[in-house]
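Asks: Sequence:
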Amino acid sequence: MGKAPTIADVARVAGVSVPTVSRVLTGAIPVSAKRRELVERAIAELGYQPNAAARALVSGTRSMVAVLAANTSRYGYAKTVEGIEEAARAAGYMVVITVVETAEQDAVRTAVAMVLSHSVAGVIVLDFDEPGHAAVTALPQTVPVVVAAAAPSRAVKLPRAYLADQRGAREATSYLLSLGHETVHHIALPSSGRRGGRTAGWSAALQAAGIRPPKHLHTTWDPLHAYELAKSLAADPSVTAVLAGNDEVAAAVLRAMTEQGRSVPGDVSVIGFDDQPIASLVTPALTTVAQDFAELGRQSFALLENSINGSAGQDTVSVRTQLVLRGSTGPRRN
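Reading the sequence shown from the start, the letters are residues 127 to 460 in this note's numbering.
Treat the hints loosely; a few may be bogus.
[To be verified] So the derived label-pair ranges between C-beta atoms look like this:
id, residue 1, residue 2, range
1, Val269, Glu208, 19 to 27 Å
2, Ala216, Arg458, 47 to 55 Å
3, Glu385, Asp441, 47 to 55 Å
[Unchecked claim] 16 Å max Cα-Cα, derived EDC-like pairs, lysine to aspartate or glutamate:
id, residue 1, residue 2
4, Lys341, Asp362
5, Lys205, Asp418
6, Lys341, Asp393
7, Lys357, Glu385
8, Lys357, Asp393
9, Lys205, Asp393
10, Lys283, Glu421
I should point out that these hints are in silico values taken from the structure, not numbers from a laboratory.
Computed from a predicted model, the values in this text were never measured in an experiment.
Cβ atoms here follow ideal geometry from the backbone N, Cα and C, with glycine treated the same way.
Using the sequences plus the hints, can you model the full thing?
Replies: Right, dumping it as structure tokens:
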């Protein structure tokens, strides 16, 4: 593999000085149209890629944004980071990711200090859980911060892109009731607040229908823990409809129901959340609430870029959900 071209190579091919190439790259000092054309042609011919760090030193601008998240392997987290990185790359920014392992004060302080040790233009925090929420409140006001979240918030006054999962859960629950189910049970995931948007939407739909919500179950992010909880629902013949916290939890419910000899959707209807790739592959294929996490990431970066540039615009953006009907839901048997 050949050596990557340098700014000196560009200057030599263009027949201009290195400072002239630098002026074209940074735009700090005007350059004649003829010289600019020569430099741009040389850049294209050589395939030269300006070094972001060096460009930042020359121009005085920062070209790096940071992402703080409690996890980067779970589906929603990974897809959101993917959307952020895609939008940032298109805008000429690099992305660094720091994991906040727990909500404990020392862990949060360490993660925040690591982010601020870089010359970052701004920070996006994935406020999907307690560690993420703790990071939001720990960041100083000296750096632009945007929150990517599962729900809106009145407590934190920062630009925020959020998923309309409360509305999605309400729609999913109402759909199950429309199939004749007398109530809907729920297995909830951990959230950044006292009650997540999905749980709130589930509860609101039942209350709107004049139904007292049954006690919901709390699982961890481990599907095996959800499977153990689902066993209790499978053993209860009065349970005919379940709204799961995500598609992995829904898959655990399917397994528990099958082992108990209860058919889905004949005896029990199950709805997942997120529309992960596994949702259409399990048997039966999952009815689920699709969420566009990548779009959440892109919208989060757009808000951050506005903050960095001091541009006026929206400070809150909602990303819609969509109920996707598949084979895991059906009418309640009489």
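Asks: Now tell me, hint by hint, if it's right for this structure.
Replies: Cross-check of the supplied hints:
| no. | hint | verdict |
| --- | --- | --- |
| 1 | Val269 to Glu208: 19 to 27 Å | holds (23 Å) |
| 2 | Ala216 to Arg458: 47 to 55 Å | holds (48 Å) |
| 3 | Glu385 to Asp441: 47 to 55 Å | holds (48 Å) |
| 4 | Lys341 to Asp362 | holds (14 Å) |
| 5 | Lys205 to Asp418 | holds (8 Å) |
| 6 | Lys341 to Asp393 | violated (21 Å) |
| 7 | Lys357 to Glu385 | holds (9 Å) |
| 8 | Lys357 to Asp393 | holds (15 Å) |
| 9 | Lys205 to Asp393 | violated (34 Å) |
| 10 | Lys283 to Glu421 | violated (22 Å) |
Figure legend: structure checked against the earlier numbered hints; hints not met, in rising order: 6, 9, 10.
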